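Asker: The primary structure of each chain is shown beneath.
2 protein chains.
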Amino acid sequence: MSDIVAPKGFRFKAVSAAIKKPGRLDVAVIFSELPTVAAAVFTTNKVKAAPVLDGIKKIRSGAARAIVVNSGNANACTGPRGLADVKATAQAAAEALGVKPSEVLVSSTGVIGLPLPMDRLLPGVKAAASALDGTLDDVARAIMTTDTFAKAASRTVKLGGKKVTISGLAKGSGMIAPNMATMLAFIVTDAAVEAAMLSDALKNAVKYSFNRITVDGDRSTNDTAVILANGAAGNAAIQPGTPDAEKFMKAVGEVTYELSRMIAKDGEGATKLIEVCVKCARNERDAVRAAMSIANSPLVKTAVYGLDANWGRIVCAAGYSGAALTEDKISVFINRVKIVSGGLATGKDAQAAKAMEADEVNITIDLGVGEAEARVLTCDLTEKYIKINAEYRT
Amino acid sequence: MSDIVAPKGFRFKAVSAAIKKPGRLDVAVIFSELPTVAAAVFTTNKVKAAPVLDGIKKIRSGAARAIVVNSGNANACTGPRGLADVKATAQAAAEALGVKPSEVLVSSTGVIGLPLPMDRLLPGVKAAASALDGTLDDVARAIMTTDTFAKAASRTVKLGGKKVTISGLAKGSGMIAPNMATMLAFIVTDAAVEAAMLSDALKNAVKYSFNRITVDGDRSTNDTAVILANGAAGNAAIQPGTPDAEKFMKAVGEVTYELSRMIAKDGEGATKLIEVCVKCARNERDAVRAAMSIANSPLVKTAVYGLDANWGRIVCAAGYSGAALTEDKISVFINRVKIVSGGLATGKDAQAAKAMEADEVNITIDLGVGEAEARVLTCDLTEKYIKINAEYRT
Numbered sequence: 000m001s002d003i004v005a006p007k008g009f010r011f012k013a014v015s016a017a018i019k020k021p022g023r024l025d026v027a028v029i030f031s032e033l034p035t036v037a038a039a040v041f042t043t044n045k046v047k048a049a050p051v052l053d054g055i056k057k058i059r060s061g062a063a064r065a066i067v068v069n070s071g072n073a074n075a076c077t078g079p080r081g082l083a084d085v086k087a088t089a090q091a092a093a094e095a096l097g098v099k100p101s102e103v104l105v106s107s108t109g110v111i112g113l114p115l116p117m118d119r120l121l122p123g124v125k126a127a128a129s130a131l132d133g134t135l136d137d138v139a140r141a142i143m144t145t146d147t148f149a150k151a152a153s154r155t156v157k158l159g160g161k162k163v164t165i166s167g168l169a170k171g172s173g174m175i176a177p178n179m180a181t182m183l184a185f186i187v188t189d190a191a192v193e194a195a196m197l198s199d200a201l202k203n204a205v206k207y208s209f210n211r212i213t214v215d216g217d218r219s220t221n222d223t224a225v226i227l228a229n230g231a232a233g234n235a236a237i238q239p240g241t242p243d244a245e246k247f248m249k250a251v252g253e254v255t256y257e258l259s260r261m262i263a264k265d266g267e268g269a270t271k272l273i274e275v276c277v278k279c280a281r282n283e284r285d286a287v288r289a290a291m292s293i294a295n296s297p298l299v300k301t302a303v304y305g306l307d308a309n310w311g312r313i314v315c316a317a318g319y320s321g322a323a324l325t326e327d328k329i330s331v332f333i334n335r336v337k338i339v340s341g342g343l344a345t346g347k348d349a350q351a352a353k354a355m356e357a358d359e360v361n362i363t364i365d366l367g368v369g370e371a372e373a374r375v376l377t378c379d380l381t382e383k384y385i386k387i388n389a390e391y392r393t
Numbered sequence: 000m001s002d003i004v005a006p007k008g009f010r011f012k013a014v015s016a017a018i019k020k021p022g023r024l025d026v027a028v029i030f031s032e033l034p035t036v037a038a039a040v041f042t043t044n045k046v047k048a049a050p051v052l053d054g055i056k057k058i059r060s061g062a063a064r065a066i067v068v069n070s071g072n073a074n075a076c077t078g079p080r081g082l083a084d085v086k087a088t089a090q091a092a093a094e095a096l097g098v099k100p101s102e103v104l105v106s107s108t109g110v111i112g113l114p115l116p117m118d119r120l121l122p123g124v125k126a127a128a129s130a131l132d133g134t135l136d137d138v139a140r141a142i143m144t145t146d147t148f149a150k151a152a153s154r155t156v157k158l159g160g161k162k163v164t165i166s167g168l169a170k171g172s173g174m175i176a177p178n179m180a181t182m183l184a185f186i187v188t189d190a191a192v193e194a195a196m197l198s199d200a201l202k203n204a205v206k207y208s209f210n211r212i213t214v215d216g217d218r219s220t221n222d223t224a225v226i227l228a229n230g231a232a233g234n235a236a237i238q239p240g241t242p243d244a245e246k247f248m249k250a251v252g253e254v255t256y257e258l259s260r261m262i263a264k265d266g267e268g269a270t271k272l273i274e275v276c277v278k279c280a281r282n283e284r285d286a287v288r289a290a291m292s293i294a295n296s297p298l299v300k301t302a303v304y305g306l307d308a309n310w311g312r313i314v315c316a317a318g319y320s321g322a323a324l325t326e327d328k329i330s331v332f333i334n335r336v337k338i339v340s341g342g343l344a345t346g347k348d349a350q351a352a353k354a355m356e357a358d359e360v361n362i363t364i365d366l367g368v369g370e371a372e373a374r375v376l377t378c379d380l381t382e383k384y385i386k387i388n389a390e391y392r393t
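Here the protein sequences line up with chains D and H, keeping their order.
Take the first sequence: its position 339, counted from the start at 1, is 338 in numbering that gives the first Met the number 0, and no numbers get skipped.
Take the second sequence: its position 339, counted from the start at 1, is 338 in numbering that gives the first Met the number 0, and no numbers get skipped.
With the rest of the complex left out, here is chain D:
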């Protein structure tokens, strides 16, 4: 990962508090020197981790000054103690940062069901919040769990004559499913943005990025995406329905999409990024449904791993997705090789298998019934996924 440009007025620090293996970064603080407008999206799982329950309440204010995050422990299924630990964490950070505890958002990722080691976490939080001399990339590294590389992305655009920077960081990489994932994403921007506008920009960006990736179909207890906009760029606050609003939304969407690609590519044990495109669906819902069905099929994912242009599994997964389709109008392409036409084999399996040797495999299926389309990212399924997840805690 190349170094990511940070927006003005944000400061970062990551430290090692021995929550993961000693020596690995596992506690981080993101701090805005100015008040921010804030928005967030959380997991739809009915079992929500303590920091998610806390975050849902806090984000209602539409403002925040800091995010404190730890990896190595999810603080999920931890009951009243878990909530008390979130409170203590926010309190410790707030004191060190000179802000109110209600202005500190807390996030956690890692193993479910164990209480946080507060004796190690709190000193880490204080150390990070007191130093703030790190980088956005440090934070990206600190939130990694089974991720093999840190994930950050950035865009710079001119808004109202001012240079505005939008930078994001995220973690994967297991329990990745639509409607968020074991996924944390933090986006910071120095743009001045009107509150409802910021919330819309985040929701829209998440819809086409984090909500359109899947590694294993599991949705976690901790999924969180937060955006903080502090206005340090000096632009006039972006209002909905303006050209600036469009530019801003596009840039946020690009940042989250780039992070999504990184998450899918870094799916546990993956050797390939898979992009599933569904075309000519009855409507967008059907297109997403068919794409998710294909992207979640272990048979499709193992076939990609095995360089097997097994289009029967692709058509089969579309068939059980519930999406409307006309079998004798279906076309399937693998990395642009047309292997199915009019619902029948074209005989180009060997050519398609050859094309699958690339690092990225695009599967495009035309359902032959309408005009809607959707795109979903996933990765192949390998022995290493099994190994990682069979041995995660042992």
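These are calculated hints, taken from the structure and not from any lab test.
Any given hint could be a false lead.
Here are the computed lysine-lysine pairs in the DSS-like style, where the Cα-Cα straight-line distance is at most 27 Å [stated by the list, open to error]: (1) D:278 with D:162; (2) D:386 with H:278; (3) H:347 with D:337; (4) D:19 with H:347; (5) D:278 with D:328; (6) D:353 with H:20; (7) D:347 with H:20; (8) D:383 with H:45; (9) H:202 with D:20; (10) H:347 with D:347.
Please read all numbers here as calculations on a predicted model, not as lab measurements.
For this one, chain D is given, so just place chain H on it according to the hints.
Answerer: The following block gives chain H in isolation, referenced to the frame of chain D:
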């Protein structure tokens, strides 16, 4: 597999027609010497194999004399040619058996998208239909694809003073999901059964057996369960709402449940059978939903493989299933060791991990909201599943 008792008046034969590797049984015929009452259930996949499309039409008559089945080729996504091949297959069998083509049901299982090798299949069908000197177990062997053992089960009950036998055979073992699977099941009985009664008995049996197993969440293009009742036992035809009807339905349910267990146990690459029980759900639909969500979770399945009592993944999967739950009332048991109580860890992970060394792992979760329950069978997810499916065609 011990030899299975066949009901009276049925004859069987399996032959090798070199559709799979030469020398392996791959074409079989089941024939009833008497007219039968017949019922069937087919895949819900919108992409239906040619024999399924044909079978849906034929079964409307409520009668059949024979079933012809091949493995090695699914005759799915084969267009008009596939339908013509089904017709020719039924025709060839009908001629050899001296019945009408409309009385011959056809089933196929294997690779999707390749035309049937009719030059090899038809001689095989004729040879099998002309001999009929085999056993039900031979047929069970002939329909195996990646199955590691043949699957057959039988029950004998007294109905109206007559001994009645119900015997079934089935195949798994990949693409196994609720609402049928890459699964064929044929049940034959010498009971005399009224037509609507037989159809109800099959639907009820399938609901609690084949529709409650999952290996990989994939539903195939070919799933079929057929029951033929020929009345050779000499009992008065079983009527709905009678004690005999109840006994009959129970016996059919036991046969399909036993076959389901075999299918789950023989899931591709599996080392363990997993039974997921959901208790205290709001209603049966929620119970099934939560059980399926847990049973389909790759993270739960790999944890079982790794002997890791990772209850966080179990609770998490229940949480995203959509089923209502009360987090602080949740209990989780693994092979009767209580690892979660009131939503919190009991600290018995090591004891539970030890208990997981058994060949069968029972996961029971109490959602704490109602009185409904459901039970789903699955298996663990191992490196071997990946290997089998990455290399299936190569």
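Asker: If a hint holds in the structure, say so; if it doesn't, say that too.
Answerer: Right, here's what the structure says about each hint:
no. : hint             : result
1   : D:278 with D:162 : violated (37 Å)
2   : D:386 with H:278 : violated (31 Å)
3   : H:347 with D:337 : violated (54 Å)
4   : D:19 with H:347  : holds (22 Å)
5   : D:278 with D:328 : holds (12 Å)
6   : D:353 with H:20  : holds (25 Å)
7   : D:347 with H:20  : holds (23 Å)
8   : D:383 with H:45  : violated (33 Å)
9   : H:202 with D:20  : violated (53 Å)
10  : H:347 with D:347 : violated (55 Å)
Hint compliance for this structure: hints 1, 2, 3, 8, 9, 10 are not met, and every other hint is.
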